[in-house]
Structure formats: C-alpha cells, structure tokens
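**Q** Given next are the chains, with one letter for each unit.
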Amino acid sequence: MKVKAMRRMVAHGDYLDDEESLRAYSYDASGVEQIPLVIVRPRHVEHVRRILVHANQYRIPIVPRGSGTGLRGGAVRKDAVIMDLRGFDTIDKLDTQLNTVDVGAGVTFKALKEWLATHKYSFPLEPSNQMATIGGLAAQNVITEESMLFGDWTEMVARIECFDGLGRFQVLKGKDVAKVLGWEGSTGVITKLRLNVIKTHKRTADVIHVNNPSEALAHAERASQIQGTLMIEYLDEFSSKLMGLSADQHVFIVYANDAGSYKDPLKVNELVQARKRLTHALWNEGYLFEGEASLEEEQIERFVARCEAAHVPCYGHLGVGIMLAGLKSAAELEKFRVNVVALGATPGGKYGYGRVKKEYVPQALRKEAIKLKDQRDYNMILNPGVYV
Amino acid sequence: MKHDVDQCVLCSLCNLGGEAYQLSKDERRAPRHVVWNLKKGRETPALYSFMLNGRTEAHCPVKIAIDAEVIDGRRKLVKRGVETVENKKMVEKILDGKNPYKS
Ligand SMILES: Cc1cc2nc3c(=O)[nH]c(=O)nc-3n(C[C@H](O)[C@H](O)[C@H](O)COP(=O)(O)OP(=O)(O)OC[C@H]3O[C@@H](n4cnc5c(N)ncnc54)[C@H](O)[C@@H]3O)c2cc1C
Ligand code: SF4
Chain A
1 MKVKAMRRMV AHGDYLDDEE SLRAYSYDAS GVEQIPLVIV RPRHVEHVRR ILVHANQYRI
61 PIVPRGSGTG LRGGAVRKDA VIMDLRGFDT IDKLDTQLNT VDVGAGVTFK ALKEWLATHK
121 YSFPLEPSNQ MATIGGLAAQ NVITEESMLF GDWTEMVARI ECFDGLGRFQ VLKGKDVAKV
181 LGWEGSTGVI TKLRLNVIKT HKRTADVIHV NNPSEALAHA ERASQIQGTL MIEYLDEFSS
241 KLMGLSADQH VFIVYANDAG SYKDPLKVNE LVQARKRLTH ALWNEGYLFE GEASLEEEQI
301 ERFVARCEAA HVPCYGHLGV GIMLAGLKSA AELEKFRVNV VALGATPGGK YGYGRVKKEY
361 VPQALRKEAI KLKDQRDYNM ILNPGVYV
Chain B
389 MKHDVDQCVL CSLCNLGGEA YQLSKDERRA PRHVVWNLKK GRETPALYSF MLNGRTEAHC
449 PVKIAIDAEV IDGRRKLVKR GVETVENKKM VEKILDGKNP YKS
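Sequences listed follow chains A and B, in order.
Numbering-wise (the working numbering), the first sequence opens with residue 1 and increments by one.
Numbering-wise (the working numbering), the second sequence opens with residue 389 and increments by one.
No lab work stands behind these hints: they were computed from the structure.
Treat the numbers as computed from the prediction; the structure is a model and nothing was measured.
Positions of the beta carbon are idealized from the N, C-alpha and C atoms, including for glycine.
Restricting the straight-line Cα-Cα distance to at most 30 Å, the calculated cross-link-like pairs of lysine-lysine (DSSO-like) are: (1) B/Lys-451 <-> A/Lys-267; (2) B/Lys-451 <-> A/Lys-328; (3) A/Lys-358 <-> B/Lys-427; (4) A/Lys-241 <-> B/Lys-390; (5) B/Lys-390 <-> A/Lys-276; (6) B/Lys-451 <-> A/Lys-241; (7) A/Lys-367 <-> A/Lys-173.
With the Cβ distance kept under 8 Å, some of the chain A side facing chain B (calculated, not the full set): (8) Ser-21; (9) Tyr-27; (10) Ala-29; (11) Gly-31; (12) Ser-67; (13) Gly-68; (14) Arg-86; (15) Asn-129; (16) His-280; (17) Trp-283; (18) Asn-284; (19) Leu-288.
Quick partial rundown of chain B residues pointing at chain A, CB under 7 Å, derived from the structure: (20) Leu-398; (21) Ser-400; (22) Asn-403.
Extracted from the complex, chain A is given alone in its bound form:
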C-alpha cells in the first residue's frame, strides 16, 4: 500500500509492477539477481522529489538505476523500489566558451558521444560499454584508460543537480560533486550533470614490443614524463594477439599530441577501439570473467608473473595502476581474488564495489561513506547495502 502510493507520483505508465518488468529489473551485468518491489520511471525532478520524500516517511529503500550495465550489482536489490533514471535524457547547452555541456543523467554515453562529435567536441573518459548512462558512469566514478591524463569523473564534472536521501534538491559544484560521484547511488540521485568537454584533438600512438613487464614499466615511466600522455596499456602475448598485434608482450601508448610514431588518425582510432574491445574479444575466447586489481608499481611485475604461471591472459592500465585478467569460471575468479589479496593489493577499483565486492571496500572509504550517509541520508533510504 505504501509503495503503491508511488503510482500517483510519476506519469501514467511509469510505475511498473507487472511480473515481467520486475524480472527485467532484477539483474544487471554482474549477474546478481534480486526481485525488486516495483519500478518507478521519473521524468521530472518533481517526480524524484515526491518519491524520495514518501520513501523517507515510510523507510522504503530506493535504488537509482541507469542502463543496468554495472558489474557489481549496485543497481539491483530485493525489497526496494528501483528508480530508473533514463527518462532524464536531454542534452543541451554546449558552452563553447567554458567547454562544458549540460546533460541529463539518463543519456547514454553513445548518444552523448555522437551528439558531441557533430559539434567537434568529445568527452574524454570513454567507457568500453557505450550503453551505460552518464548518471551511472558518474555514480560509479568510472576509471578508463584516459584517466591517466584526465583523472576521474570528479575532475571532469563541473556541476551536478541531484537529490539527497531526504529528497532535498541540490546543486553541487567543484569539489562538492565528490559527495555523490563514486558512491554508487548511496548518497544521492543524480538528475543532471555539467561535463567538462574538450575540442576533438589530435591523437598519436606507439606500440612497443617488450620482453618482460619490467621493460614495460620502464617505457611506462618514460611515457608518463611526456606531457599529454593519454593512456599507457600493458598487453601480454595473448591480449596482443587479440588486438591484432604480434604474439609478444607490448606497451601501447596514446598521446594527445604529436609524440607517437603512429600518426594516421584512422590507424590510431582503430588501435584504441581494439583496446577498448579487448574484454569483448576475451569473452569470445571463453574468458567470461574479468578479474581486476589495483596495484602499486612494485606489485605489477609479480602480478604479471603469477598470471603467466597460471596461464591467465593479463593486460591493464599501467598509467593508473589497474591490471585486469581474463578468467574462465567463477571459481577461477575467486582464486584470482585470493591471489591479489595475497600480493597485498586490492581486488577492485575499476568497476566500483556494489553488492558483489562490498567486503573489499577499504576501511577509510567505509568511514567516509558513513559520514556522508549521516549528512545526506540518515534514514538509509538510498541504495542500502552498498558501501554501508
């Protein structure tokens, strides 16, 4: 009854409680499955406000959701109302003086990319899943290959419009955006964002054959000294082959300037896209599970050696200290996580923590989450079970 009252709070047809809808929102790309209470699809900030105020009154958990492409089960929860934010789907106001664009949280990365391209602009943090929404990517504070030069979403988002857990509308700017970005929908519901965009720029690349990870690290060190280095990627033999290179270890470096030896924009783009599709190519080879590890530089060599010994394909972002591995089963993934912990590293960092990796949330982050929840969502309405 208390949940049913939400039907009046959204437009006709945007309150879904039929069996097939509940099923369709019961999972995301993590494979976690939990049947929610109902789905609401707000299209206006007033819809969001009403729902959150009501949810507070009756302590009904609310889970914000974009395209459900998250890999950590953050957009899934039983006994919760799923708030599908894809109705906030407008792109407007490209400010060519300040180089910003205002975009609704429900716009997909693909739609934004195509829209910006027609204006000769781009948003540099490009995820490999272009179906993800801008709200979802920001809520996850997604790290991409380009994070090396451009940082994370907290650096590329100038301003957000959002609601806290009490249903209070807020405009957060500058450093304050970090109160919501990265907290996976547990400290705020984002409805609109102002993104820093860049004029489409020249990119060049180097593909360097190396004999071992320590040579790769030496190249990475040199490249990181060059101003404008956009990404530094390590590729083992197998990953290199899948990217269309020779079956040797490589370092793949992309520059936002003229520094690389590959200068043909089409060739550079082809290489970048092949790198972005590497996970997909691994899936096609039966490596359906991706392991991730946040590593210090001195741990990388040991990580690669262990992968090699276990015949596990590995690759990753040397530029930001995140390495990835292709695995064939859930059991292999579990073993991988244990190994990463044994190395003294964190088996996470790229795709958030969500419900799947909650146990790996570092203590300091958990403490910060509790502080933010106290300020912004003391009734624990927003995505409970994620972080706290």
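Fit chain B with the ligands to the given chain A structure using the hints.
**A** Coordinates of chain B with the ligands only, in the frame set by chain A:
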C-alpha cells in the same frame, strides 16, 4: 563460431541493435532480457515481437546466435500452445488449404 545463450554475460551491447527497445526504453523488450529469459529456459510471448534482422546479434561480443535461439524459442512456444492469434489463424487456413494471407 556462434555460441548459445548460456554464454551470455549480460553486457547489454545487443540492446544497441534493438530498435523497439531503443525507442520505448521498455526493459521487457530489451534484447538482453529476451536472451536472459531464454537462458533461464523461460520462453515468453515477447519472443514474437523480437525483430529477426540480425542487428542485435551483430552487436554481441560473445557471438551468441540470438536470432536462431529466438526462432527455437518460438518453436517451443508453439508446441506449448502459446502463439499469437494471427499465427493460429494462419495455421488453421493452411490446414484448410486456404490462402493464409487472405482475411
Ligand atoms: C561490456 C562492459 C564494459 C564495461 N566497461 C567499463 C569500463 O571501461 N570502465 C568502467 O569503469 N566500467 C565499465 N563497465 C561497467 C559499467 O558499464 C559501468 O559501471 C557504468 O558506470 C554503469 O552505468 P549504468 O548506467 O549501466 O549504471 P547501472 O548499472 O544502472 O548502475 C550502476 C550504479 O550507479 C548507480 N546509479 C545509476 N544511475 C544513477 C543516478 N542517476 N544517480 C545516482 N546513482 C546512479 C546505481 O545505483 C548503481 O549503484 C563495463 C560493463 C560492461 C558490461
Ligand atoms: S550482447 Fe550478447 S552477451 Fe551481451 S547481453 Fe546481449 S546476448 Fe548477452
């Protein structure tokens, strides 16, 4: 080589090829959801509104034979007696030796 629905990793890239889904944003019509249902052994009537134009399949990084799986699912639905009214009428006309397209 094409794979079967068991290999689906739920990435949702096939949704890029689902025109009806793109327009409606209705998750029940999402190609990913159709595949998810098939993976669970749940052939739902939604299979009948799935467009067999190869576009969803073209986006699938795992190379799942989505169209073939949908056709197979439809076959199972028909065997269970779950079919559209139009389909039923057409079959009846064929069995009666009549033109299935003439109303
Ligand atoms: C093939 C594939 C490739 C991927 N590549 C990358 C990659 O390169 N880099 C990367 O980091 N991730 C990647 N991911 C993971 C995923 O795409 C990202 O995590 C993305 O941020 C999820 O966006 P979404 O719109 O699907 O959000 P959802 O999955 O719907 O939600 C993700 C989280 O964000 C919250 N959320 C969603 N929208 C909002 C909102 N408007 N306000 C507040 N909270 C919200 C949800 O509560 C949830 O906790 C990939 C996934 C797949 C399947
Ligand atoms: S693209 Fe392929 S693997 Fe991804 S959800 Fe669709 S069917 Fe599954």
